[in-house]
Amino acid sequence: MIETLQTLNYEPFILSFKLAAVTTLILFILSIPLAWWLSQTSSKTKPFFEAITALPIVLPPSVLGFYILVALSQNSPIGVFFEDMFGVKLIFNFTGLVVASCFYSLPFMVQPLQGGFESINKNMLEASYCAGKSKFETILKVALPNMKPALLTALIVTFAHTVGEFGVVLMVGGSIPGETKVASVAIYEMVEIMDYSSAHIYSGLMVLLSFIVLLSVYIFNAKHTKRIGIR
Amino acid sequence: MIHLDIDKKLHGSNGEMSLEIQLDIQEGEFIALSGKSGSGKTTLLRILAGLEDSSGIIKVSNDFWQNGKTKISTQKRKIGFVFQDYALFENMSVLENLLYVNNDKELALKLLEMTEISELKERLPNKLSGGQKQRVSLCRAMMNKPKLLLMDEPLSALDPSMRTKLQSEILKLHKEFKTTTIMVSHDPSEIYRLASRVLVLSQGKIVNDGTPKDVLLKTSGSAKFAFEGELLDIVKVDVINVAIVSIGQQLVEVVVSDSELENLKIGDVISVSTKAFSPIIKSLG
Chain E
1 MIETLQTLNY EPFILSFKLA AVTTLILFIL SIPLAWWLSQ TSSKTKPFFE AITALPIVLP
61 PSVLGFYILV ALSQNSPIGV FFEDMFGVKL IFNFTGLVVA SCFYSLPFMV QPLQGGFESI
121 NKNMLEASYC AGKSKFETIL KVALPNMKPA LLTALIVTFA HTVGEFGVVL MVGGSIPGET
181 KVASVAIYEM VEIMDYSSAH IYSGLMVLLS FIVLLSVYIF NAKHTKRIGI R
Chain R
1 MIHLDIDKKL HGSNGEMSLE IQLDIQEGEF IALSGKSGSG KTTLLRILAG LEDSSGIIKV
61 SNDFWQNGKT KISTQKRKIG FVFQDYALFE NMSVLENLLY VNNDKELALK LLEMTEISEL
121 KERLPNKLSG GQKQRVSLCR AMMNKPKLLL MDEPLSALDP SMRTKLQSEI LKLHKEFKTT
181 TIMVSHDPSE IYRLASRVLV LSQGKIVNDG TPKDVLLKTS GSAKFAFEGE LLDIVKVDVI
241 NVAIVSIGQQ LVEVVVSDSE LENLKIGDVI SVSTKAFSPI IKSLG
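Line by line, the protein sequences are chains E and R. Using my numbering, the final residue of the first sequence is 231, and nothing's skipped along the way. Using my numbering, the final residue of the second sequence is 285, and nothing's skipped along the way.
Incorrect hints may appear among the rest.
Listed below are the simulated DSSO-like cross-link pairs for lysine-lysine, each with C-alpha atoms no more than 27 Å apart in a straight line [stated by the list, open to error]: (1) R:K76 - E:K122; (2) R:K213 - R:K282; (3) R:K76 - E:K135; (4) R:K105 - E:K135; (5) R:K145 - E:K133; (6) R:K147 - E:K135; (7) E:K148 - E:K133; (8) R:K8 - E:K122; (9) R:K105 - R:K145.
Listing some non-contacts, in silico: residues in chain E with all C-beta distances to chain R over 10 Å [what the hints assert, rightly or not]: (10) I14; (11) F17; (12) H200.
Hints in this document: simulated from the structure, not taken from any laboratory. For each residue, glycine too, the CB sits at the ideal point set by N, CA and C.
Taking the hints into account, I'd like the entire structure generated from these sequences.
Next comes the structure, spelled out in structure tokens:
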């Protein structure tokens, strides 16, 4: 057992967490303006954007993966553009995985952030505008610090959800060791070649890590709720 | 010094109405804005703050805050706004709330000193009472030395004794900084103590404009002593009728004749007045 653990290839795990970290960071930066806009707007187009944002929750990952594959392949305009301009291929490599993950995990970042922004007392934001502060500064110094539970939920759930990706990753990335072979794909392959002991260890580790992450979120949120006495 | 000529369509609880306000305000005036809920008071404040759109002109000194559809942003108007629910920045201490607006520690400490909350400066807002929060909110609004201070029922969530205390602090700040102020208020004693001018709004229009004395004193004709109240009950005692009337926070009994009774029904808003005799005033303090 100990021996197996020592000789185990941890590369897929490292790749999974690297992918999750990069995706979470990119999505965080992209989602704040979108979530803010959704929370503040009274535009008639809001339901349209909300529906688009939520699509990855309901779509089968294979559908999403298929469209991303089509859109980013070397035969598509986007694929050609990136290949010509930056010399980057967008599929069957790590970059492609990041792009696909950003689409796949978008709702898990946007929805908690939007909920957080909506929970903030509008007068508090307006008080900041009256004080001469820009929207950017208001978001940074007033809105975000007052929605820490929502912020943490958004970050952690996006991270965890990206770690747990399978279908999209398989379709867009394939299974190139060290490049696109993340933990979930590795487990799938182990089961296929009937290497059950490795599959057990990988799966067990996934369960353990995911549980620890979620547990710490809930503990933090419970403490935070008690401390500030709201919600 | 402030010239206002605006209109805006509102969808109030009584259907569509239009807010049409023409108004000139002198520098340093303290204006109380009164009127039933839904008459457009808060909307007027929000238009002045640039938080809501309207069409027309808002001119302050020689600057146009709004000219037709073009308007300058809330951020550039230099206003102070005091909200009914305080709206303090929950993540910042009392002092940080003030310094966020304007990093002028000297002014912040002076304001906290004036409102007697210096010792609370390190506390977070959720550790303050309602009265303390509203003082912080008032100080915060004064931090950017506003050209115009707007207060939306600032004291209505507080108990009467706290209100009186805060009224004197508002007055103190107004005397010190001479800020042109518009305050929404329903409380006649508050208006009388603080304001130099009262505007009464009804259905989006100014229906009364004058000194608090002219607008608020309800006596008319030869009556010397008159109160407005609500008729709660009429009780027949032996041969006379006693009306139970709620005036302010108190219940009083008034004897009514049979002929007077015919025009009264329970729930009416009535006026109780005396003509021939001078009422006796005695201190209870």
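Evaluated hints:
Note on K76 (chain R) and K122 (chain E): the hinted pairing holds, with a Cα-Cα distance of about 19 Å set against a maximum of 27 Å. Between K213 (chain R) and K282 (chain R), the direct Cα distance comes to roughly 22 Å. Compliance with the 27 Å bound is thereby established for this hinted pair. The suggested pairing of K76 (chain R) with K135 (chain E) holds, with an alpha-carbon distance near 13 Å, which does not exceed 27 Å. Taking the CA atoms of K105 (chain R) and K135 (chain E), the gap is near 24 Å; set against the 27 Å cutoff, the hint holds.
Taking the CA atoms of K145 (chain R) and K133 (chain E), the gap is near 15 Å; set against the 27 Å cutoff, the hint holds. Simply put, K147 (chain R) and K135 (chain E) have alpha-carbon atoms about 22 Å apart, close enough for the 27 Å limit, and the pair holds. A C-alpha spacing of about 21 Å is found between K148 (chain E) and K133 (chain E), which places the hinted pair at or below 27 Å, so the restraint holds. For a cut-off of 27 Å, the pair hint linking K8 (chain R) to K122 (chain E) stands: about 22 Å separates their Cα positions.
Only pairs whose Cα atoms come within 27 Å are accepted, and K105 (chain R) paired with K145 (chain R) is accepted, the gap being roughly 13 Å. With a least beta-carbon separation of about 36 Å from chain R, I14 (chain E) lies farther than 10 Å from that chain, consistent with its non-interface assignment. Separation of F17 (chain E) from chain R is adequate, the least Cβ-Cβ distance of about 30 Å exceeding the 10 Å criterion. Taking the minimum C-beta to C-beta distance to chain R, about 46 Å, the non-interface status of H200 (chain E) holds against the 10 Å cut.
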